[in-house]
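Please arrange chain B on chain A, whose structure you already have, making use of the hints.
Line by line, the protein sequences are chains A and B. Final position of the first sequence in my numbering is 100; the numbers increase by one with none missing. Final position of the second sequence in my numbering is 1478; the numbers increase by one with none missing.
It should be emphasised that the hints constitute simulated quantities derived from the structure, not laboratory data. A quick note: this is a predicted structure, and the numbers were derived from the prediction, not measured. One or more of the hints may lead you astray.
[Unchecked claim] Some, not all, of what chain A presents toward chain B, calculated at C-beta under 8 Å:
no., residue
1, L5
2, I15
3, I22
4, M41
5, N45
6, G49
7, G54
8, V58
9, T65
10, V75
11, M92
[To be verified] 20 Å max Cα-Cα, derived DMTMM-like pairs, lysine to aspartate or glutamate:
no., chain 1, residue 1, chain 2, residue 2
12, B, K1431, B, E1380
13, B, K1344, B, D1167
14, B, K1456, A, E94
15, B, K1089, A, D90
16, B, K1349, B, E1474
17, B, K1092, A, E27
18, B, K1320, B, E1474
19, B, K1030, A, E94
20, B, K1426, B, E1384
21, B, K1321, B, E1380
22, B, K1030, A, D90
23, B, K1089, A, E94
24, B, K1030, A, E27
Beta carbons are placed, not taken as given, at the ideal position from N, Cα and C, and that holds for glycine.
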Amino acid sequence: MGNILGFFLIHREIIFIVILSIFLGVEMISHVPAILHTPLMSGANAIHGVVIIGAIIVLGHAVTTGSMILGFLAVVLGTLNVVGGFVVTDRMLEMFKKKK
Amino acid sequence: MDQLSQLNTGISILEISYVVASVLFILGLKMLSHPLTARRGNIFASIGMGLAIFATILFHQKDGKPIGNIGFILLAIVIGTGIGWVIAKRVKMTAMPQLVSFFNGMGGAAAALISMIEFPHISPELIAKTGMANGHVLAILLGLVIGTVSWSGSMIAFGKLDGKIGDMRLKAMKFVNLTILAVLIGFIVFIMTRNVQAASELTPLIYVMFIISVIYGVLFVMPIGGADMPVVISLLNSFTGVAAAMGGFLYNNQAMLTGGILVGSAGTILTILMCRAMNRSLLNVIVGVFGGGGQSSVATSGTVKEISLTDAAVLLSYSKKVVIVPGYGLAVAQAQHICHELDKLLEEKGVEVRYAIHPVAGRMPGHMNVLLAEADVPYEQLIESDEINPDLPNTDVLVVIGANDVVNPAAEDDPTSPIYGMPIIKARDAKNIIVMKRGMGKGYAAIENMLFFNNKTRMLFGDAKSTLQNLVNEVKSL
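Next comes chain A alone, as it looks inside the complex (with noise of 0.2 Å):
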């Protein structure tokens, strides 16, 4: 019991941005309309492409050669998705131009 106060303690700043981030999140999608789902999927599928960061910093600060190679593979695989996952969103939404 106590194990589980203190790891409230411990980690309380990061539980309260969980905490609003979900509702924050619940609450956009709710009022999208059909016609953006598609846009819309792929432009969060880009936006989890931060995972990016936790492997810069990987990268960053490996030493054996073993996780430099794991941490390189990492930013690659990280910079696919983000890229990827933009770019792609942009062509999608290119198309929504309003017409004359």
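Coordinates of chain B only, in the frame set by chain A:
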């Protein structure tokens, strides 16, 4: 002292960048949910991402040491950008769902790799310093499992949508999957209850967990039918979000945390919305009872009546109101451009043409909108099914092109039908119905469609693209 103040400036800039990036993510997602601001929203989010990436490279510090291996980092980013850019620019719009799945898998793999590298580094000193014993280990393990499942599952979804992998459905799979899940949880509990000092000795277990997670991802997606793939991709998308958020826990990184959790929760809601559009529960999709062969209780009575191209052309040209119901068949035949040509031709003749878009038309919600937008159909002409249904009784001709289940009246009439209760486009309310179809095959749900036997229905058999082309020629020659 001077050095110390400099150090703090860097960290401050980094933290401010993360706050700004998080705000841009939120704004971006918000703007993505409105057609007029969507494109700008995407750009906002990408600026946030760029900011977070460069701030990390420039200012991140661990134990007072700045980021090293910058050459490698930049090289990796260049490689990833090159490949990502080329793939994203080249792929056809019909292949959009598999592409989203592919990029999603990449993110999942990156999250899994981070966990694999970080696990052996857990040390008593680290824990003493950060004061995060269990939280740290749990974040690493969950990041590994969720990221890996997301990666292998996405790859299978990609293969299925691309037609490279078929369905595999065995009764026993449900139990196998549950067992594997239990084993994975067992591993996590086992590692968590060990003394963390022994982290490096436990490292081999991490690789075992990785392999089991790969298998779980594969088995999780294998039995799910092609029509349900969008739901799965959306679900895996939110998985990757959660995996990214685990990295946020690990590094106490707010940008990763907000970005990951936002996508995790938004993705979950999107998944539920998609399921609701098909009138099914998420559990139902995952366990996969759908598409088990058509045991429709309604006997197929009556005969189908065909219509000639000329008659169809005349019927369309002399109508006041025409509604087109496009389905995946239209997209597969790459017929959206020629379809738009037909609608322009009819509009010139004074016919009002609109498109009725079912939420799950295509392979992803909104996919049909993207495909029609690609063919320059203005989005004012695309009407959602709920909106257009009341107007269908005044519609002279309703043209169904390559759609099936979304116009199946069984959803309203037949309580035993697997799609009973699914909101549909009430095609049979229209005065005349023309169905363009390859043959009398069934839709994805593999159930008989009584609309085809309706008295008002005329069939126009053939490939959507060539049939539409012929129809355009006929209308022109009238």
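Verification of the hints:
At its closest, the beta carbon of L5(A) sits 13 Å from a beta carbon of chain B; the interface hint therefore is violated under the 8 Å criterion. Given the 8 Å rule on beta carbons, the hint for I15(A) is violated: about 10 Å separates it from the nearest Cβ of chain B. Annotation: interface hint on I22(A) holds; nearest CB of chain B at approximately 4 Å, less than 8 Å. Among the interface hints, the one on M41(A) holds; its C-beta lies about 6 Å from the nearest C-beta in chain B, closer than the 8 Å criterion.
Among the interface hints, the one on N45(A) holds; its C-beta lies about 5 Å from the nearest C-beta in chain B, closer than the 8 Å criterion. Hint on G49(A) holds. Least Cβ distance to chain B is approximately 5 Å, under the 8 Å limit. Given hint, G54(A) at the interface with chain B, holds; its Cβ is 4 Å from that chain's nearest Cβ, closer than 8 Å. Using the Cβ-Cβ criterion of 8 Å, the hint placing V58(A) at the interface with chain B is satisfied: the shortest such distance is roughly 5 Å.
The beta carbon of T65(A) is not positioned within 8 Å of any beta carbon in chain B (closest approach about 12 Å), and the interface hint is therefore violated. Because the beta carbon of V75(A) sits about 4 Å from the nearest beta carbon in chain B, less than 8 Å, this interface hint is met. About 5 Å separates the beta-carbon of M92(A) from the nearest beta-carbon of chain B, less than 8 Å, and the hint is met. Restraint check for K1431(B) and E1380(B): the C-alpha separation of about 23 Å exceeds 20 Å, so the hint is violated.
Among the hinted pairs, K1344(B) with D1167(B) is inconsistent with the structure: their alpha-carbon atoms are about 40 Å apart, more than 20 Å. At most 20 Å may separate the alpha-carbon atoms for a hinted pair to count; K1456(B) and E94(A) exceed this at roughly 39 Å. With a CA separation close to 10 Å, the supplied pair K1089(B) and D90(A) stays within the 20 Å bound. Pair hint K1349(B) plus E1474(B) holds up; C-alpha atoms about 14 Å apart against a cutoff of 20 Å.
With a C-alpha separation of about 32 Å, the suggested pair K1092(B) and E27(A) falls outside the 20 Å cut-off, and the hint is violated. With a CA separation close to 18 Å, the supplied pair K1320(B) and E1474(B) stays within the 20 Å bound. Restraint check for K1030(B) and E94(A): satisfied, since their Cα atoms lie roughly 18 Å apart, inside the 20 Å limit. Proposed proximity of K1426(B) and E1384(B) is supported: the alpha carbons are some 12 Å apart, at most 20 Å.
A C-alpha spacing of about 16 Å is found between K1321(B) and E1380(B), which places the hinted pair at or below 20 Å, so the restraint holds. For the proposed pair K1030(B) and D90(A), the alpha carbon gap of about 15 Å is at most 20 Å, so the pair holds. At most 20 Å may separate the alpha-carbon atoms for a hinted pair to count; K1089(B) and E94(A) meet this at roughly 12 Å. Straight-line distance between C-alpha atoms of K1030(B) and E27(A) comes to about 10 Å, which keeps the hinted pair within the 20 Å bound.
When the structure is compared with the earlier hints, violations turn up for hints 1, 2, 9, 12, 13, 14 and 17 and for no others.
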